[in-house]
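Enquirer: Fit chain B to the known structure of chain A by using the hints.
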Amino acid sequence: MQEIINKYPAGKQKSALLPVLHLAQEQFNGWLDVPVMDYVAGLLQLDPIEVYEVASFYSMYNLKPVGKFVFEVCQTGPCMLNGSDDIIQYIKSKLQIGVGETTSDGLFTLKTVECLGACGYAPMMQLGKHYREHLTPNKVDEIVEECRKQAALATNGNGYQS
Amino acid sequence: MLLEKAHIEGIKHYPVYRKEGGYASVEKALKMKPEEIVEEVKVSGLRGRGGAGFPTGMKWSFLAKPEGVPRYLVCNADESEPGTFKDRFLMEFIPHLLIEGMIVSSYALGCNSSYIYIRGEYHWIAEILEEAIQEARDNGWLGDNIQGSGFNCNVYVQRGAGAYICGEETALLESLEGKRGNPRIKPPFPAVKGLWGCPTVVNNVETIAAVVPIINQGGAAYASIGVGKSTGTKLISACGNINKPGVYEIDMTISVEEFIFSDEYCGGIPNGKRLKACIPGGSSVPILPANLLLTTAKGEKRMMNYESLADGGFATGTMMGSGGFIVLDEDQCIVKHTYTLARFYRHESCGQCSPCREGTGWMEKILWNIEQGKGKMSDIDLLWDIQRKIEGNTICPLGDAAAWPVAAAIRHFRDEFEWHVNNPELCTKQNYGLAHYADPVYVPAT
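Residue numbers (this note's numbering), protein chains in the order written: chain A, 1 to 162; chain B, 1001 to 1446.
Looking at chain A on its own, in the form it has when it is part of the complex (with noise of 0.2 Å):
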C-alpha cells in the first residue's frame, strides 16, 4: 500500500485509487462488495462515494459476485471478423450459462467484453492475468479442463471452497 502511495506527490493518494481497488479485488474473491470499497476509502482517506464512482465507471472491477475464472471474451469488430460468436456461442452450451452468469459450482463466469488490444490473435479472452489467443472449441475444452484441474488441485492442497 505504502510503496503504491509513494509514486505520488504528498498528498495525492487518491491517485492510488485504481491500483488499490485492483489488489482489493484480488483479495477478495474478485469482486469488489460495499464493505471492502468502504476500507479502502478509510485507508486513502477518501468519502466512500469517491469510490464508488470510480469502481462503477472502469469495467475491471466487479460488482457483483463472480466465479473463481472469469472468461472475458472479446466480441469487438476485428475478433468477430474471426469467429468470436461462435465462440461465445460454443462457451454458453458447453458451461450452460449465458452471458454474465456463473456456473453452479461457482467456477466459471462468461463475461462478453469489447477491445483488448489483441485483435491479431483473435478470438481472443483475458483469464486472469494472461490473454488465451486464437481461440477455437478444442482450445476452450482444453481451457475449462486446465481450469478444473487447478481448481481440484486447490481444494485438495490449499482447502479452497469454492
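Note that these hints are calculated values from the structure, not bench results.
For each residue, glycine too, the CB sits at the ideal point set by N, CA and C.
Hints are not guaranteed to be accurate.
[As the list claims (entries may be wrong)] Now the in silico label distances, taken between C-beta atoms and shown as ranges: (1) A:Gln150 <-> B:Pro1070: 41 to 47 Å; (2) B:Asn1393 <-> A:Leu63: 52 to 58 Å; (3) A:Gln27 <-> B:Glu1020: 39 to 45 Å; (4) B:Asp1381 <-> A:Leu63: 19 to 25 Å; (5) B:Pro1424 <-> A:Gly98: 39 to 45 Å; (6) A:Lys12 <-> B:Ser1061: 26 to 32 Å; (7) B:Asp1381 <-> A:Gln150: 51 to 57 Å; (8) B:Gly1140 <-> A:Tyr52: 42 to 48 Å; (9) B:Ala1220 <-> A:Leu63: 51 to 57 Å; (10) B:Ser1061 <-> A:Asn138: 51 to 57 Å; (11) A:Glu101 <-> B:Glu1307: 33 to 39 Å; (12) B:Gly1272 <-> A:Gly98: 33 to 39 Å; (13) B:Gly1140 <-> A:Lys12: 23 to 29 Å.
Expert: Chain B only, in chain A's frame:
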C-alpha cells in the same frame, strides 16, 4: 528502427539490451541541453503515433515552465482503439526501448517523475515494464543523479481498469488522479494545466520510443526516412481477414496494395477470397471499399502514409490514425461490422455529453435492427442524422470516433444497408457480398 532488435533473444532484459547499444541515447542526451533535444525532435518531423498525428516537437515546445512548479511526462499506453495492438508488442518484447525513451524525453522536458499509464488488461505487460524499470534503476539509468549528470528521474507504471476513454489525454489524467475517466474541457490544455494541475506532456508509447533513434541518429537522419510529412517509421498492427496478422514496422513509402498482398507484410487474404473493404487506422477512421482503398479518387496509387491515406478527405479518403489496419474479405457484412463498432462506442462513452451518451446507444440499436432485418428505409437517414449531430458536439473526440465509422459505412455501402431493409429474411441468412462497389476483377499485382 523500433522493432529491428525486438526478436533478439534476451533483449527483454538489460544485459542484452545494453550490449545491443541500448541506453546510448541517454548517454548522448545527458551531454546535450534539454532544448537541443526538443530541437532534434522538431527537426525529425516526428508526429504523435497515438492517432492524431500532431507534431511531437511542437507539442513539447508548448509545455509551460513556471518557476518552482513540477512538470510531468505521461506515457499513454492505454492502447484501446479496436484494431490497434502495436504498443503492446513493443512493450512486451523490447520494454527497455520505452524506458530509454522515457528517460530522454523526461530530461528534455525537465520532468523528474514520469508515469506510464497502461490499460488494466495488459496486466502481464505492466509487470514486464516494472521489471525493466527495476533493471534500469539497478544500472544507474533511473533514480538520483543519473550517470553523474545531476539529473534525477523516476518512472512509474500505473494500470487503468478498463475504459477506452482513458486513451483521451485529459481522461487519462483524471484516471491517473484516481477519478472517473471523464475528459476535461480544453483549454486549459495539459501543457499548461495537466496532472495535479501541473504542466504535463502526454505522448503515445511509439512516439516516446521513436525519440531513441532520433537522438541516436539525429533528427535530420530520421526525417530523411519516409516521404513528405510522414517521416520515420510507423508501426502498423494488421488484423482481420489476412494471412499474416501481426505488427509491422514500415517506412511510409510502400503502397496499401503491397502492404496487404505482399508476403513481407499481410500476405494476402485467406482462402483465395477477395478484398471487400478496409479500415486502415483503427476503428474510428473511415472504412473504404477496395477500389478507393487501393487507388485514390484522383487515380493515384494509395500509399501507407498520413497524406496519401487522407487524400480525398472523408469523401473518398480515410486516415492513418493509430495504424490499426482491419481488413474485411468478401464474406463480411458491413452492417454487422459497423454494428459491433457502434456497440463498442456506446459501451465506452463516458456519459458526460448528451449527444455521445444518447446518440451512441441510438446508433447501436438502429444498426442492430437493420442487421436483424427489422430496419426501415428511413432508419438509414436517421443514422446519418444522428452521427452528424454527434460529430463536433462533444467535449472529447470520442463522439467523432463513434460518428465516423457509421458515416463512412453509409457513405460507401449505402446499397448494402438498403439491401438489408429490402430483404429482411434473406439478410439474416446470407451476406450481401461484393456487389458493384468493389472491383470484382481486381487481381493483386504480386
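Enquirer: Just pull the numbers of the violated hints for me, sorted ascending.
Expert: 2, 4, 5, 11
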